[in-house]
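Asker: Sequence:
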Amino acid sequence: MAEMPPVRLLLLSLLFTLVIATARDSVGNHDDDDGAALLAFKVGIRRGGSSGPLRSWNSSTSFCSWEGVTCGGGSGRVVALDLSSHGLAGMLPAAIGNLTSLRTLNLSFNWFHGGIPASLGRLHRLQTLDLSYNSLSGTLPDNMSLCTGMTALVLGSNNLGGLIPSSLGDTLTNLKKVSLTNNSLTGAVPASLANLSFLQHLDLSINQLEGSIPPGLRGLRSISHIDLSANGFSGALPSSLYNLSLLRSLQVEGNTLQGSIPADIGDRLPAMEKLVLSRNRFSGAIPHSVTNLSSLTALRLGWNQFSGHVPRTLGRSQDLRYLELAGNKLEADNSRGWEFMDSLANCTQLQYLALDNNSFRGQLPGSVVNLSTSLEKFFIGYNNISGEIPSDISNLAGLKVLQVANTSVSGAIPESIGKLANLVMFFMFNNALSGLVPPSVGNLTRLNWILAYNNNLEGPIPASLGKLKDLNILDMSKNRLNGSIPREIFKLSSLSIQLDLSYNSLSGPLPSEVGSLTNLNWLVLSGNQLRGRIPESISSCTVLEYHSKLVNEQVVRYDSRCLRWNCHFERAVSGTEQLDWANPSCSTKFDIAVGARFVVQ
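Counting with mature numbering (1 follows the signal peptide of the UniProt record, and there is no 0), you get residues -21 to -1, 1 to 580 for the letters of the sequence shown.
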């Protein structure tokens, strides 16, 4: 091969050097653009505290070393900006659109406000956009559809409004995740979303969307999670959704959807883990095939119009943790219908069971004591069930909430109730319970609420209730309790919402310890035989605000020097006496809800 002439070789060498230099200048210019864009971003934001935001962002160092900035290996361009949870505030500047090599932009969990800048449409290489948990407003920019490589669009928990652009499904066909939850989006779901064949996660919950759910969503062949809860969707749930064989979570709670569950749902959705249809208008029977959903962890069908019997082998879904069937027309009686309770013993991870507000009848099944020791919340009230609370209820050691209210359950509260050491809320009102209040209730030191009103409970109030240092509400009104009110109860400074012992047969004086209830809002003791003077210490109860009706329309007031007190009491004697509680230093207004039948002496 002939050698290249020296002159030509020299020219080629010069040309190569020129190309390299030009390329370096070009990269350098883009570097300058990225640095300028980042500094423009910083100028428009703020953060609480004296240090100011993003202190590392200054010209003394390369922007590739700045906090939250990631540059590409060879290009030196910004490819990722992650400033999530930095407490930043302000408006997003248009200059952010100059970061044209950006692939990931994550500004979630901050305080940004204003609109999403249209300049984001220039980020043609953007793959992940996460602006969730801010205060952004306005609409979704139409030119966001120019970011054709985007795989994740996460804009939840903002104040965005307007329509979902149809272009979202027309051009952003690589999307795998779309989360627009907790905004104020309106209108219908665009049918174009059916084009997103790679979409795996769709969350449009907690908006103001309306209309019917597009049947074309059957085109989402890769979808595993759909959440359309808390909107205004109506009509039937498209049967085509039940053909999405990869679907693991379907949540449409809180709409006005109607129709029935397909009889073969258990065969069409083999991967289903979370099925949430609650608070709609669904009707018909719960199909037996639902027991074939072997991976089911949550089944929420509450507050619809489902009827008939609960599938007797529901417990075949052994991974079930959350079962809500409340607020329907489901049936059971002593002859049939309660078999499902036996099978639920197989669900060893069950944590939540809501069966209240149905048409269940007959005796409370004894198998309730065989439920999971992991069960934390159990609701079975507002049914026409009878029988007694089994003494082995203490087997449910994990219970935090027990609700057996508004039923015909009778008998005594078992002493073993005191073994439910995790109990926080105890609802036993409007029943036919009788007998003594077991002193073992005082062992439930985590209790916040006790509602046991309108029963036939009798005997004294156990002084052991004074050990319930976290108690906020105690309502045992409308029973047959007698004796004096234990002083220990009035020492519970945690009582902040309500103490109601009215309409019993309690007697004796009101203890001076009542003044310890400095956080209490409601104190109702009317309908008893309490006697003696009202303790002066009650003036310490400065937040009482409930008024009780006066039995004989007479009012007893404090001394005129404390006219800012507006204290009304029921009286058991006639006359116009004033309580002579002179206190020249009183200055706080409060309303006392004692409402007790005190005799003024």
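These aren't lab readings, by the way, just hints derived from the structure by calculation.
It cannot be assumed that every hint is accurate.
With beta-carbon atoms standing in for the labels, derived distance ranges [what the hints assert, rightly or not]:
1) T497 to R459: 54 to 60 Å
2) R425 to G94: 24 to 30 Å
3) R425 to G117: 55 to 61 Å
4) N153 to S38: 46 to 52 Å
5) T424 to T327: 48 to 54 Å
6) T83 to L142: 33 to 39 Å
7) V522 to V348: 37 to 43 Å
8) E46 to N401: 39 to 45 Å
9) S314 to N401: 17 to 23 Å
10) T424 to S116: 44 to 50 Å
11) S114 to E310: 23 to 29 Å
The calculated lysine to aspartate or glutamate pairs, modelled on EDC-like cross-linking and capped at a C-alpha distance of 20 Å, are [what the hints assert, rightly or not]:
12) K156 to D61
13) K446 to D371
14) K379 to E394
15) K155 to E189
16) K253 to D182
Nothing here was measured: the structure is a model prediction, and the numbers come from that model.
Just so it is clear, CB atoms sit at the ideal spot from N, CA and C, and this is done for glycine as well.
Asker: All hints, please: hold or fail.
Answerer: Hint-by-hint comparison with the structure:
no.: 1; hint: T497 to R459: 54 to 60 Å; verdict: 31 Å, violated
no.: 2; hint: R425 to G94: 24 to 30 Å; verdict: 47 Å, violated
no.: 3; hint: R425 to G117: 55 to 61 Å; verdict: 46 Å, violated
no.: 4; hint: N153 to S38: 46 to 52 Å; verdict: 37 Å, violated
no.: 5; hint: T424 to T327: 48 to 54 Å; verdict: 27 Å, violated
no.: 6; hint: T83 to L142: 33 to 39 Å; verdict: 27 Å, violated
no.: 7; hint: V522 to V348: 37 to 43 Å; verdict: 41 Å, holds
no.: 8; hint: E46 to N401: 39 to 45 Å; verdict: 43 Å, holds
no.: 9; hint: S314 to N401: 17 to 23 Å; verdict: 35 Å, violated
no.: 10; hint: T424 to S116: 44 to 50 Å; verdict: 47 Å, holds
no.: 11; hint: S114 to E310: 23 to 29 Å; verdict: 48 Å, violated
no.: 12; hint: K156 to D61; verdict: 18 Å, holds
no.: 13; hint: K446 to D371; verdict: 24 Å, violated
no.: 14; hint: K379 to E394; verdict: 17 Å, holds
no.: 15; hint: K155 to E189; verdict: 24 Å, violated
no.: 16; hint: K253 to D182; verdict: 14 Å, holds
The earlier numbered hints that this structure contradicts are 1, 2, 3, 4, 5, 6, 9, 11, 13 and 15.
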